[in-house]
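Participant: The lines below spell out each chain.
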Amino acid sequence: MFCLSELEDTVRVPPSDLNLPLEVAIKKALQKLFLDKVLSIGLCVSIYGIKSIEGGFVLPGDGAATYKVVFRIVVFRPFVGEVIAAKFKESDSNGLRLTLGFFEDVYVPAPLIPTPNRCEPDPYNRNQMRWVWKYGDDEFIIDDSCQQIKFRVENISYPPVPTERAEDAKPFAPMVVTGTIDDDGLGPVSWWEACAPISDDED
Amino acid sequence: MKANAGTLTNFEVLDLLNSRGASNDTTRVIAPISTSEYKVYDYLMETPACTQTQEIITNFSDQCKYFKLAKAEILNIINIRPSSTVNLAPILEEPSERGIDKKAKEGILKLVEALLPPPPIVEARGENEEEETEEGEQS
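Read top to bottom, the protein sequences are chains A and B.
Using full-length UniProt numbering, you'd call the opening residue of the first sequence number 1 and step up by one each time.
Using full-length UniProt numbering, you'd call the opening residue of the second sequence number 1 and step up by one each time.
Since the hints were derived computationally from the structure, they do not count as laboratory data.
Heads up, the beta-carbon is just placed ideally off N, CA and C, and yes, glycines get one too.
Possibly wrong hints are sitting among the right ones.
[As the list claims (entries may be wrong)] Okay, the calculated bits of chain A under chain B, using three or more residues with CB under 8 Å as the criterion: (1) 4-11; (2) 44-56; (3) 68-81; (4) 100-111; (5) 184-190.
[Claimed, not checked] What follows is a list of derived Cβ distance ranges for each label pair: (6) B:Ser96 - A:Pro109: 22 to 32 Å; (7) A:Thr163 - B:Asp42: 30 to 40 Å; (8) B:Glu106 - A:Lys51: 38 to 48 Å; (9) B:Thr7 - A:Glu104: 51 to 61 Å; (10) A:Lys68 - B:Gln54: 28 to 38 Å; (11) B:Thr7 - A:Lys37: 16 to 26 Å.
Only chain A is shown next, with the shape it has when bound in the complex:
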């Protein structure tokens, strides 16, 4: 789910940091610029290392020094088909929302929840709906008592920044991962631990 990306960028080191060793100052500026931000390549998680630094010019009217830096960052960008373990965050009539802690915009839309299922108002939480999977005679509830929920990545999208938004709309998500839990081994981990080794239906 993580990969390295090499980038080149112009970095401005503010005058207050110029007493620090150059690499430290540049790393600090890079962290401020990139850490926890979504780029076109994914969510930037960490600065891996600096490859080269050039420049150091001070532009007129500016006390800061400007450098051209080539560096590598660790990016969170899952591939389509990857199976990832996440935790339940919330659910509504459109589907589930899962979280990885550092990334909270994983959505499992209703069509990707195993059928037959039903959506009912959550008795514990008035604003939420909860999803229940019916398998044979058993019913399995999906809510936050599920320890870990495994999903498979179907799609990653980067919605454009909206120019207008309704007052009560959810905070804008610059990167959205759509997942499915409709397959063997996916969904809450507890569903599969109760089962004895199942014979493969695919064979």
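Given the coordinates of chain A, work out where chain B should sit on it, guided by the hints.
Facilitator: Below, chain B without anything else, positioned relative to chain A:
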């Protein structure tokens, strides 16, 4: 700008954070690691990555070659550490069309069992009575 200069396993990212002192600093103020990086660290510590080492991963990838798995599948297996056929199923793409039969799947699982250490037992949250005794609990 190279968008993909190499994929990393969960272990390698955890190792990076550990090398900068994530595990040593209980106050989380001294080590040069930001709050968002700690969130990644916390996530990874609950995955099989926290019991792996570089040698284990290299060894496993080498041995996997026998099964003709895609690189993405090997990465996924290392990150998830499937312990049963049903956990392995969503990772493999069209196994029957590639000649990966039940025997091959069992072979892969045996390799996982032998080479990759079991994941940590995730503590039950709140009032959840079902304490998960994963296969990590070797009696």
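Participant: Give a verdict on every hint.
Facilitator: Outcome of the hint check:
Restraint check on the region 4-11 of chain A versus chain B: 5 residues with Cβ-Cβ distances below 8 Å, three needed, restraint holds. Interface restraint, the region 44-56 of chain A with chain B: holds (3 residues with C-beta to C-beta distance below 8 Å; minimum three). Note: the region 68-81 of chain A has 5 residues with beta-carbon separation from chain B under 8 Å; the three-residue rule is met and the coverage holds. Counting residues of the region 100-111 of chain A whose CB lies closer than 8 Å to any CB of chain B gives 3, so the stated coverage by that chain holds, three being the minimum.
Coverage of the region 184-190 of chain A by chain B holds [criterion: at least 3 residues with CB-CB distance below 8 Å; count 5]. Between Ser96 of chain B and Pro109 of chain A the CB atoms are about 28 Å apart, so this pair conforms to the stated range of 22 to 32 Å. Take Thr163 of chain A and Asp42 of chain B: their Cβ atoms lie about 35 Å apart, and the range 30 to 40 Å holds. The beta-carbon spacing between Glu106 of chain B and Lys51 of chain A, approximately 45 Å, falls within the hinted interval of 38 to 48 Å.
Between Thr7 of chain B and Glu104 of chain A the beta carbon distance is about 23 Å. The supplied range of 51 to 61 Å is therefore violated. For Lys68 of chain A and Gln54 of chain B, the Cβ-Cβ distance of about 33 Å falls inside the hinted range of 28 to 38 Å, so the restraint holds. Taking 16 to 26 Å as the suggested C-beta distance range, the pair Thr7 of chain B and Lys37 of chain A conforms, at roughly 21 Å.
Checked against the numbered hints above, the structure violates only hint 9.
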